[in-house]
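Visitor: Residue numbers (the numbering used here), protein chains in the order written: chain A, 1 to 357; chain B, 1 to 357; chain C, 1 to 357; chain D, 1 to 357.
Be careful, since some hints might not be right.
No distinction is drawn between identical chains; accordingly, a pair holds when it is met within one copy or between any pair of copies.
Calculated cross-link-like contacts (lysine-lysine; reagent style DSBU-like; alpha-carbon spacing at most 30 Å) [to be verified]:
hint	residue 1	residue 2
1	Lys336	Lys54
2	Lys336	Lys119
3	Lys84	Lys119
4	Lys6	Lys336
5	Lys6	Lys203
6	Lys46	Lys6
7	Lys84	Lys203
8	Lys22	Lys203
Honestly, the hints are just simulated from the structure, not real lab data.
4 protein chains.
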Amino acid sequence: MSIVMKPSATKGELEEVIRRVKALGLGTDVSSGEFQTVIGVIGDEKKLDFDQVKLMPGVYDAIRIQVPYRLVSRSYIPKDVVVKVGDVSMGGDSPPVYMCGPCSIESYEQLYRIGKVAKEAGAQVLRGGAYKPRTSVHSFQGLGDEGLEHLQAAGRDLGLPTVTEVRSETEVEIVAKHADIIQIGARNMFNQDLIEATARTGKPILFKRSFAAQIDEYLSFAERIVANHNKNLLLCERGIMPLGGSFKPQTRFTLDLNAVPILRRETPFPVIADPSHGTGRRDLIAPMSRAAIAAGAHGLMIEVHDRPEEALSDGAQALLPSQLAGIIRTCNLLHKTIDESETPFSSDLGDGKDGHR
Amino acid sequence: MSIVMKPSATKGELEEVIRRVKALGLGTDVSSGEFQTVIGVIGDEKKLDFDQVKLMPGVYDAIRIQVPYRLVSRSYIPKDVVVKVGDVSMGGDSPPVYMCGPCSIESYEQLYRIGKVAKEAGAQVLRGGAYKPRTSVHSFQGLGDEGLEHLQAAGRDLGLPTVTEVRSETEVEIVAKHADIIQIGARNMFNQDLIEATARTGKPILFKRSFAAQIDEYLSFAERIVANHNKNLLLCERGIMPLGGSFKPQTRFTLDLNAVPILRRETPFPVIADPSHGTGRRDLIAPMSRAAIAAGAHGLMIEVHDRPEEALSDGAQALLPSQLAGIIRTCNLLHKTIDESETPFSSDLGDGKDGHR
Amino acid sequence: MSIVMKPSATKGELEEVIRRVKALGLGTDVSSGEFQTVIGVIGDEKKLDFDQVKLMPGVYDAIRIQVPYRLVSRSYIPKDVVVKVGDVSMGGDSPPVYMCGPCSIESYEQLYRIGKVAKEAGAQVLRGGAYKPRTSVHSFQGLGDEGLEHLQAAGRDLGLPTVTEVRSETEVEIVAKHADIIQIGARNMFNQDLIEATARTGKPILFKRSFAAQIDEYLSFAERIVANHNKNLLLCERGIMPLGGSFKPQTRFTLDLNAVPILRRETPFPVIADPSHGTGRRDLIAPMSRAAIAAGAHGLMIEVHDRPEEALSDGAQALLPSQLAGIIRTCNLLHKTIDESETPFSSDLGDGKDGHR
Amino acid sequence: MSIVMKPSATKGELEEVIRRVKALGLGTDVSSGEFQTVIGVIGDEKKLDFDQVKLMPGVYDAIRIQVPYRLVSRSYIPKDVVVKVGDVSMGGDSPPVYMCGPCSIESYEQLYRIGKVAKEAGAQVLRGGAYKPRTSVHSFQGLGDEGLEHLQAAGRDLGLPTVTEVRSETEVEIVAKHADIIQIGARNMFNQDLIEATARTGKPILFKRSFAAQIDEYLSFAERIVANHNKNLLLCERGIMPLGGSFKPQTRFTLDLNAVPILRRETPFPVIADPSHGTGRRDLIAPMSRAAIAAGAHGLMIEVHDRPEEALSDGAQALLPSQLAGIIRTCNLLHKTIDESETPFSSDLGDGKDGHR
């Protein structure tokens, strides 16, 4: 942290700031110029409360030097992390992974039937919701534990690893028992207790960005997973809040593809995009899937339902199985085209000489 | 719900929509005009998935007739609800209530010392955090259970009821045992399991609006509390996301005072405003406290700390005890001035004849 | 500006940054510590392109020391500016001013009729739109020049100064000829040519904040008015974008009352609030008017129409004349109550010792 | 429009609504059911003020049936519009177009030098700013008319059509004289007078979306161009406001690629993406360019500068010429790959049977 004193700051104010920094076991590096004094903080600046420092008498402003997400940054883990689940590798130079299935698990039969066509279309991971976070108390809330059993059985019978969302600390254990990848949904991105309890299972975690989180804030919560000794982390962009206004929004959320190359550059972890929740519209899944892969996503999470008008949740955004195969084939072609071009994905990562950390 | 069919919709599409509505036990009321057909849904429209209906072939759009928060609306509970805790009444025509104390409980001594000056200044409820939701894993996380014991002891010794935040389902029981009012914080507004578990304690709940929730969405989650048979509900506006952009924002959040008269008009429950978290700036607490009371707030939640530069969290926004008494006295004067004017608070509520529900 | 070099910056990179700063006629004040080097820029840092500097090799980050709106800040003009139009004084310790009238001028008769009841209710300035910025090309666009003549005539006949919006550089001259105060609307806040042309008339300007502008950005555009030697500046908060989402928003915009005390503290100019456009709802005008005055607003701009269901624009938010008198009387009482309290408006302004500029 | 009456609406209220609709020359189609009455409006619903109608006594809500941008919608112009400038075709099935050059024109020599390498890299249109919209009054404001002359000369000498921004009505004529395509920038998207004056020149217009405009609002302003008999319209997505919050945003704006397939589906006009302004970061231009083309963009606008650290504006986001050729070649490969796949761009447009208009 660099602490910039006001031109009008007194000697006593300067000394008091230095005293507080040192009291936390940190060093200081004072640079007094003609115009103003700047205090460089030496050591782990996270011990200092950023807002607190700015409040102190005589302080003009303070500037962070460390990123607020060191443990998930490339300065901590320089090389790409590849997360493996069964035979599936995700991240790094692995080919794109597709996690497909219905929004909600409605029965074993429904899940197996949809999973089968998804697998034939190219999906490598089976998704399905057992506990559904819902806005309305009156909506379908998911099958719960019974759904988890269907998921495990369908995954086994199809030979596909599975992913499902955990919604509450009390369900972490049972979800970890039945699923191969545990999803922490967008609404729980700020739920530190759930994040930490899930991290401690050691299982791979698909950690979704909140629709209300800036990227640095998202990563500062992802850090809690690695801080709990779990590096099986999959990051996932699934749409931010649409612009407000009095016009009818065209999408439920705004899939933020800028996050894909930024996350790849800042962190070593695989980056997944979810165009289904990210847009809420079936007709946007094909173009936004292509765009996500072209931006550098390591994989896609796509909702599929063969009878969307009967789906108990989110049917409006579910892809038909007949559409899925074409999308996956085109996305794989795009991935190959870029990787074999003169500007492959690795060239996006830069060498630190382009003006951005 | 009114379902508007496309001008081009076929007879088969119309019949299919009607079939689905009736399959859910709802009635229909079909109005076929020269230009288009509209299906009125009779019964509890929440059984229908709103987005689902819009997806059906031949449907142009659908419009909700019921508000998505019926159980907390004035159409369900017409008269103001007064929530009582000890000797303190909140809501309706009660005088404003002030919930004051430090952000984090640091020790019994600290809490008692601050609570004492807060009480002398006019505060009727003692607040203090035991479990702190924090963005960074490296920040002070609160004293936990020990903090709850200090809270209970300080409240008893000062003769003040207490409020503290519950952060996780696993802590609901112990918080309910020690505190008089349980706060569900902004980050947990979407956490349906925590909301429901807390509601079932029957204790008064201070339910904060998320910084990312539109008002109707906020109320649709508040509904879960009443649906669990708990009407001891206090609503609380504590700031929404500031506008994005490349300039340094002036406040951490944007206290949305529009929410105060809207919540009072739409619901019968007491409405509290939190200018401390809502702005994050000590120097804005006085003007925004006055404004909140003038807008119709039933009370304020204000952070106070006598040694803010030593506070373990959020010192930058804590008020000094010497400032609190003046603010409370001025707010009480404003409340009285408005209630005795020719346009008292009750005149804000309207009679349904002014173009708004 | 403080330019923080990366720990890894080379001597050559440091020298290059210093060379560029000096090439602009600015001085440098280099502070080399053990850990990092910080370059203090001496002189008018606005000569440096902020984003440009951050891009230079070896630079970690840069931090502004000067506010981006020096000419409208209290460091440039410490004392409150009072703007006078006819007999009306606005700003400083003057009593609140009320600018009232219809959204659109529809005829002399309509404007005079509404202006008369507004004056009787306590309004001191007559507002009315001649050129209307409209979203749809199909909506009523205003009477144009004819409307300006009605405005001037009605103002003269009622003995009230007038305010109306200028929409285009080509209309500046004629608006300046007919109106006493020229309004630059929210949609034109970023329109530098219009701002500068209007400023050069020397007329009082009511400069509205865009619904998409952070406060510092708003002030950086307000600066263009003072830079053109016009200090007859009235700032006006009229609502920011509501939060996005799939729920029906309760208001058209979100009146941001936090802006009122911030603008009063940062600048010496009068601060007006517009609850009519800021909320778009007639039933919110009374509580938000009271709140704005309690927050420290020097005045209010309120739309009034005696036949709102016939208004050619914005009838839904226009107040009935019968409601206006009560609101003005209550607001005046609140203003007096606060000014005579132990925490008058002047105590909001601080003495620079409370941790904020 | 469908007007839904309240269940409690009186016969008089219903008749009054019908009377007002008919007074505007519109027909009505009343459907009275057991539960509620719905009035279908026959004719051009834009004659009705939407907010006005919702205000009328007895009205519960109103729903638009017509899109607010009919003249630019595919229901008005079903087939793709191809805009031609010189030898360059934009839109429809044309190959992608690249509009490249410096942010600001600094001299003929600078513009020609950069334009030459851009052309060699594959650019077909030369861009350069003569009048720069700037946040700060203290920044470089552009060369003005002299810049226009350089642009025309460089375009002629390089054999490239040109595009530049018009900032004010007073400059429309001179810009139209010198440039082949006139850009209306994001800050002027709401400036109806500028839009209309520019449209009347008949010249091709690159019309940028405001960072604060929802898509439907953007199109309702684009409609003003076609309403002025100009169909040489190029739509351009250039980034929306980033999410607010207290963390340092990673990008200046959020390039919203969801807008690309939505605009292609809703309108027949070419859709351009601007990753330079859309992100403000040079290192994001390659991945976001690829993503934009994969999403279906008909072209890209990219800032290029060979000496970015000397650029008088926006150097931080300008691409180096050495990077441009690789990006263009990869983007062309992606475009070809998708168009020859089993899911070509045309398959994104749907047939109206997928649940969205």
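Visitor: Next, verify each hint and record whether it holds.
Guide: Hint check:
1. Taking identical chains as interchangeable, the C-alpha atoms of Lys336 and Lys54 are never at most 30 Å apart, the minima being 49 Å within one chain and 35 Å between chains.
2. Taking CA atoms no more than 30 Å apart as the test, Lys336 paired with Lys119 passes in both settings, with 21 Å inside one copy and 27 Å between copies.
3. Taking identical chains as interchangeable, the C-alpha atoms of Lys84 and Lys119 lie at most 30 Å apart only when both belong to the same chain, with a minimum of 18 Å there against 45 Å between chains.
4. Taking the shortest alpha-carbon separations for Lys6 and Lys336, neither the intra-copy value of 55 Å nor the inter-copy value of 37 Å comes in at or below 30 Å.
5. Proximity of Lys6 and Lys203 under a CA criterion of 30 Å is satisfied in neither setting, with 49 Å inside one chain copy and 37 Å between copies.
6. Taking the shortest Cα distances, Lys46 and Lys6 sit within 30 Å of each other both inside one copy (23 Å) and across copies (18 Å).
7. For the homomeric pair Lys84 and Lys203, the shortest alpha-carbon distance inside one copy (11 Å) is at most 30 Å, but the shortest distance between copies (46 Å) is not.
8. For a Cα distance limit of 30 Å, the shortest separation of Lys22 from Lys203 qualifies neither inside one copy, at 40 Å, nor across copies, at 44 Å.
Comparing the model with each numbered hint stated earlier shows that hints 1, 4, 5, 8 do not hold.
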